[in-house]
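Asks: Chains E and U are the protein sequences, given in the same order. Take the first sequence: its letter number 78 is residue 78 in my numbering, and every next letter is one higher. Take the second sequence: its letter number 252 is residue 252 in my numbering, and every next letter is one higher.
Careful, some of the hints might be misleading.
Stated by the list, open to error - Simulated pairs of lysine-lysine, BS3-like, Cα-Cα distance not exceeding 27 Å:
no.	chain 1	residue 1	chain 2	residue 2
1	U	LYS31	U	LYS113
2	U	LYS113	U	LYS68
3	E	LYS37	U	LYS201
4	U	LYS201	U	LYS182
5	E	LYS171	E	LYS125
6	U	LYS182	E	LYS37
7	E	LYS165	E	LYS115
8	U	LYS113	U	LYS201
9	U	LYS201	U	LYS189
10	U	LYS31	U	LYS68
11	U	LYS113	E	LYS37
12	U	LYS189	E	LYS37
These aren't lab readings, by the way, just hints derived from the structure by calculation.
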Amino acid sequence: MSTRPVVAARPEEITTVTFDSTMEERIADVLRRYPTKRAALLPVLWLCQERYGWISPGVMQAVAERLGESPAFVEGAVSFYTMYYTEPPARYVLQVCTTLSCAMCGGRELVEHLKGRLGIGFGEKTPDGSFQLVGVQCLGACGGAPVVQINDDYYENLDAGRLDKVLDELKGRS
Amino acid sequence: MEAVLLRARGVADSRAITTYLAAGGYEGWRKALSMTPDAVTQAVTDSELRGRGGAGFPTGRKWSFVPKDHPGPRYLICNADESEPGTFKDREIIEHDPHQVVEGVAIASYAIKATTAYIYIRGEFVRWANILEEAITEARARGFLGRNVLGSGVDLDIWVHRGAGAYICGEETALIESLEGKRGFPRLKPPFPAVVGVFGKPTVVNNVETLACVPHIMNRGAAWFASIGRPRNTGPKLFSVSGHVNRPGVYELPLGVTFREIIYEHCGGIRGGRKLKAFFPGGTSAPIMTGDEVDVQADFDACAQAGTMLGSGGIIVLDETADMLDVADNVAHFYAHESCGQCTPCREGSDWCMDILDRMLAGHARPGDPDTLLRICRFSSDGMTICPLGDAYALPISSIVNKFRPEFEARIAATTPLAQKKLPVLPWAGPRPGFGV
Ligand SMILES: Cc1cc2nc3c(=O)[nH]c(=O)nc-3n(C[C@H](O)[C@H](O)[C@H](O)COP(=O)(O)O)c2cc1C
Ligand code: SF4
Ligand code: FES
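Generate coordinates for the entire structure from the input sequences, incorporating the hints supplied.
Replies: Structure follows, in structure tokens:
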């Protein structure tokens, strides 16, 4: 697999956000799918996360203005869902499943290994900004336990050795 | 059993529309378009198809609840949230045969006279959302979707809508709220979605697997479908099996096979030749079954009779090495994390269970703990909450306490009176065992 790195805009780069014409086109394409503007909120936030790497207060403000919602409404939704990054993420976000099937089939050992190798705990980033470790709930791939999602891609049937190889490869590219 | 829903698994280039068409794809859609919507609904009713998303509600009946005389638009939603722990079957269908889902969505939309359908897919499933988008684009290019489908005068658009990480958005009213752009807070029912659903309009929500059955019912007839399985529990069913088995994976079998057959024949038995201790028959929201109950049939009615539920068909197998307190604790962590927080018994109760179990595992088990857990669970089941997530954490935890009580008692007996007393804060503010999340 060729997991795509996250390239996150730095905080100072997106204090105020103005959508360019490409973004406007994409937003218009999303809006025509729904009878209300509000329903476009999640898809538009996805577009923004793809574009800017994360959902900054500036992005929330711009989305609110574009959809005719208050910034508080947008922030309320953003904070409800776990997948929108509210701060710049590392290039590779390692989302380790901690739910039952994975926990029972090697997931715990995998987490210990990762914490040791990267020297970080859940919720932390390596100092060079390459990797971030996140404990997540069931990824819907339990037959392949233990499972780790790296950015958009699933890696299944892992053990320390296989995961090390994946990380070495990603590290080499970043 | 002949493969039906998974017939494309292992076929070269199985996702392409050409492959699907060569295998008779979209014939069911053509056939449906030649019938009246009511006749389509009747065929699905006759097949006795029951929902594969968890509750096992008769699909034809659900469709018939949409008010006939409603003037405005109505909507069909395909639930691809697939978040119940132990469940990974919808992904398997989409991976190998996305057109089956698109065709099922099309037929169901026609049956309820919807001209717009949404497939709500969990945010993590980026790959599978893209696969569905591609399939929809292919189907539209061939005239199976869009304006005036196949010259029938019927219009139909299908849109893929990605969630963003929230188990509760699998619950149909939370899904509807989320699709409307809001936080995924379940709605109080009634009104049911069939009457007031998304954007205030009549809406049917069906699971991916349920909809994937529909083209086959159209093609091969309701009687053929009903001949698989047993009465009231008809059709092929996908079982996701994970945990301590030799061959975990997705298996397609007729409803009514025994859990023994699934675990020992199809999945090759327990890893390392160990003994089966317990299993969840339908995701972690279903009450747990002990190894002695393995001869129960895997279908809706047999599971209900055995005091549990088939749920999504996600079977999690636990061998004799499993520590049942640890299992209960892992389950409690999941629901405490995923409770949306609207109802006190669910929000607080799931947290309390997690705290108590964490504390017991950390060596501070107290004599009253099992009963306290049962009491908390009682307050969160049987309609005490807005949505069934209240039951979904209470039932597995109380069933583990009831069926494996000696393990809890042993833990209490092993705790010294001093450790029992030395509680910094009640119930627990110490380090978390397990993953610490
Ligand atoms: C907490 C909770 C989570 C649920 N998660 C899902 C899910 O991930 N996928 C799904 O299809 N149904 C899920 N359901 C069931 C849906 O509410 C709904 O009943 C189902 O999608 C209806 O489809 P069906 O009639 O085809 O089974 C969930 C229900 C609850 C209470
Ligand atoms: S039962 Fe739990 S998840 Fe369901 S609405 Fe109430 S608090 Fe939310
Ligand atoms: S338990 Fe890890 S993917 Fe489901």
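Asks: Please verify whether E:LYS171 and E:LYS125 have alpha carbons no more than 27 Å apart.
Replies: The given pair, whose Cα atoms are some 14 Å apart, holds under the 27 Å limit.
Asks: Decide if the proposed pair is consistent with the structure: U:LYS31 and U:LYS113, CA atoms, cutoff 27 Å inclusive.
Replies: With a Cα-Cα distance of about 16 Å, the restraint between U:LYS31 and U:LYS113 holds, given a limit of 27 Å.
Asks: Below or equal to 27 Å on CA atoms is what counts here, so check U:LYS201 against U:LYS182.
Replies: 17 Å, holds
Asks: For U:LYS31 and U:LYS68, compute the direct alpha-carbon distance and say whether it is at most 27 Å.
Replies: 22 Å, holds
Asks: Between E:LYS37 and U:LYS201, does the CA-CA distance stay at or below 27 Å?
Replies: 16 Å, holds
Asks: Hinted pair, alpha-carbon criterion (27 Å max): U:LYS182, E:LYS37. Please report holds or violated.
Replies: Status holds; Cα separation ~12 Å.
Asks: Verify the proposed pairing of U:LYS113 with U:LYS201, using a straight-line Cα cut of 27 Å.
Replies: Given that 27 Å is the threshold and the Cα spacing comes to 12 Å, the pair holds.
Asks: Hint check: U:LYS189 vs E:LYS37, CA-CA at most 27 Å. Holds or violated?
Replies: Roughly 25 Å separates the two Cα atoms, so the pair holds.
Asks: Checking one constraint from the list: CA of U:LYS201 to CA of U:LYS189, max 27 Å. Satisfied?
Replies: Measuring from Cα to Cα gives roughly 15 Å; hence the hint holds.
Asks: Keeping to a limit of 27 Å between CA atoms, is the pair of E:LYS165 and E:LYS115 held or broken?
Replies: 16 Å, holds
Asks: Decide if the proposed pair is consistent with the structure: U:LYS113 and E:LYS37, CA atoms, cutoff 27 Å inclusive.
Replies: Status holds; Cα separation ~24 Å.
Asks: Next pair to validate is U:LYS113 with U:LYS68; report whether the Cα-Cα distance is within 27 Å.
Replies: 9 Å, holds
Checked against the numbered hints given earlier, the structure satisfies every one of them.
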